[in-house]
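The residues making up each chain are set out below.
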Amino acid sequence: MTPSPRPLLVALALAACVLVGTAACGSGDGAGTAAAQGGEVASGRVTVDGATIDWPANPRVAAVRMVVRNGTGTPDVLRSVSSPVAETVTVHRTDTDAQGRSVMTEQAELAIPARSSVTFEPGGLHVMLTGITRDLEVGDDVELTLTFEHAGVVDATAEVVEPGASGTGGDGSGGTHDH
Amino acid sequence: MTTDPDALTRRRFLGASVAASGLAIAGLAGCSFGPSSTKDPSIETGEQKPWGGEVDEQGLAKPDVTFTDMNGEPFPFVEKTKGKLALLFFGYTNCPDVCPVTLSSLNRALDQIGNGPGSDPMVLFVGVDIARDTPEQLQTYLGRINPTFLGLTGTEKVIAEANRQVFNGPIAIEEPDENGEYAVIHSSKVFAYSPTDDLAHRYYPGSDVRPQTWVQDLPRLAKGRYT
Ligand SMILES: [Cu+2]
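Here the protein sequences come in this chain order: A and B. The first sequence begins at 218 in this note's numbering and counts up by one. The second sequence begins at 47 in this note's numbering and counts up by one.
Calculated from the structure, these hints are not laboratory results. Some hints here could point you the wrong way.
[Unchecked claim] In silico contact screen, one side only, chain A against chain B (beta carbon under 8 Å); selected entries: (1) Asp271; (2) Pro273; (3) Thr289; (4) Gln316; (5) Met345; (6) Gly381.
Glycine included, each C-beta is placed from N, C-alpha and C at the ideal position.
The task is simple: from the sequences and hints, build the whole structure.
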């Protein structure tokens with residue numbers, strides 16, 4: 218996880234939460250937290266960090282965790298994700314409903330506020346791969362193509378990791394590479 | 047095991063007739079489910095680390111049903127789990143997020159615990175998507191995470207009844223997409239049944255549970271403690 222932000226950054230993070238509302242701020246489950254962090258303020262780019270995939274128990278279904286950082290001054294929107302290894306790629310958020318059930322909702326337009334990051338982590342936001350067409354092994358790289366409203370196409374690589382190892386947020390080796 | 051073709055129909059509730067009454071009961075239960083979240087906010091004082099999940103002092107009984115195990119054999123739940131630390135939850139093998147996260151979190155915790163109390167709970171995963179969660183599929187799926195985990199299935203009626211008895215919200219099977227893939231809405235709670243009185247005094251919201259929570263709680267749960 219990211220280091221504890223200082224009070225000013227907490228305030229900024231809260232502001233970011235207010236701006237993006239439920240789209241990026243999980244309801245207390247820590248999912249999809251938007252937080253202003255020093256790193257992306259100056260990058261001037263939209264990047265993907267620490268993209269990982271837990272080696273799937275069901276070889277046909279997997280979830281990508283990552284941090285999407287918007288280092289630009291323009292609010293952006295994640296419109297779609299694709300991957301050559303899956304028939305269907307969907308951006309989802311898992312929530313718990315009033316009856317304690319897990320419900321996944323598609324995030325067709327996921328807001329990535331300016332100078333902020335959105336974390337995809339277990340039990341929260343994930344990029345869901347279904348109909349996976351080849352056997353993934355730990356250490357494999359999976360190509361992802363993210364399309365943003367403003368930043369356009371951003372390519373990223375997600376590394377397949379041991380089950381339960383993904384979602385550590387920005388510490389993995391996977392991430393954006395030059396297009 | 048026979049597979050009910052109706053299980054694939056769009057956005058319907060598993061065991062619809064019982065589920066409706068289950069909903070009403072679950073609503074009531076929500077109000078009387080113990081003195082509710084007495085989550086220990088205190089930071090670790092000596093040995094007493096905060097507990098994960100939620101406590102239910104009164105304790106919740108086991109589902110009194112006979113599931114089918116991964117070999118296709120009957121699995122009378124109460125009898126088979128008697129006197130054991132048993133962790134029960136409902137999921138499905140095409141679940142991309144909460145189910146594998148919960149299972150792998152438990153597996154990582156067991157690795158860390160190594161041996162001694164709490165190192166060998168019965169982990170029981172009920173596959174609620176009976177069209178796809180066959181005994182064979184459960185065996186393959188759980189075998190890829192931890193071969194000691196036990197997969198259970200059963201008729202739609204049995205699963206819906208078990209789900210109702212633990213006051214889980216009704217299981218709903220979503221409409222398939224163009225590739226025939228579909229999600230199943232289900233409770234992600236993990237019930238921890240005490241080896242001492244066979245009641246669940248603690249339950250854990252699946253998506254919330256990190257390995258460290260299990261590392262702390264399983265050894266205590268194995269001794270029959272829950273507070
Ligand atoms: Cu999903």
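Evaluated hints:
no. : hint   : in the structure
1   : Asp271 : holds (6 Å)
2   : Pro273 : holds (7 Å)
3   : Thr289 : violated (29 Å)
4   : Gln316 : holds (3 Å)
5   : Met345 : holds (5 Å)
6   : Gly381 : holds (3 Å)
In summary, the structure is inconsistent with hint 3 from the numbered list given earlier, while agreeing with all the others.
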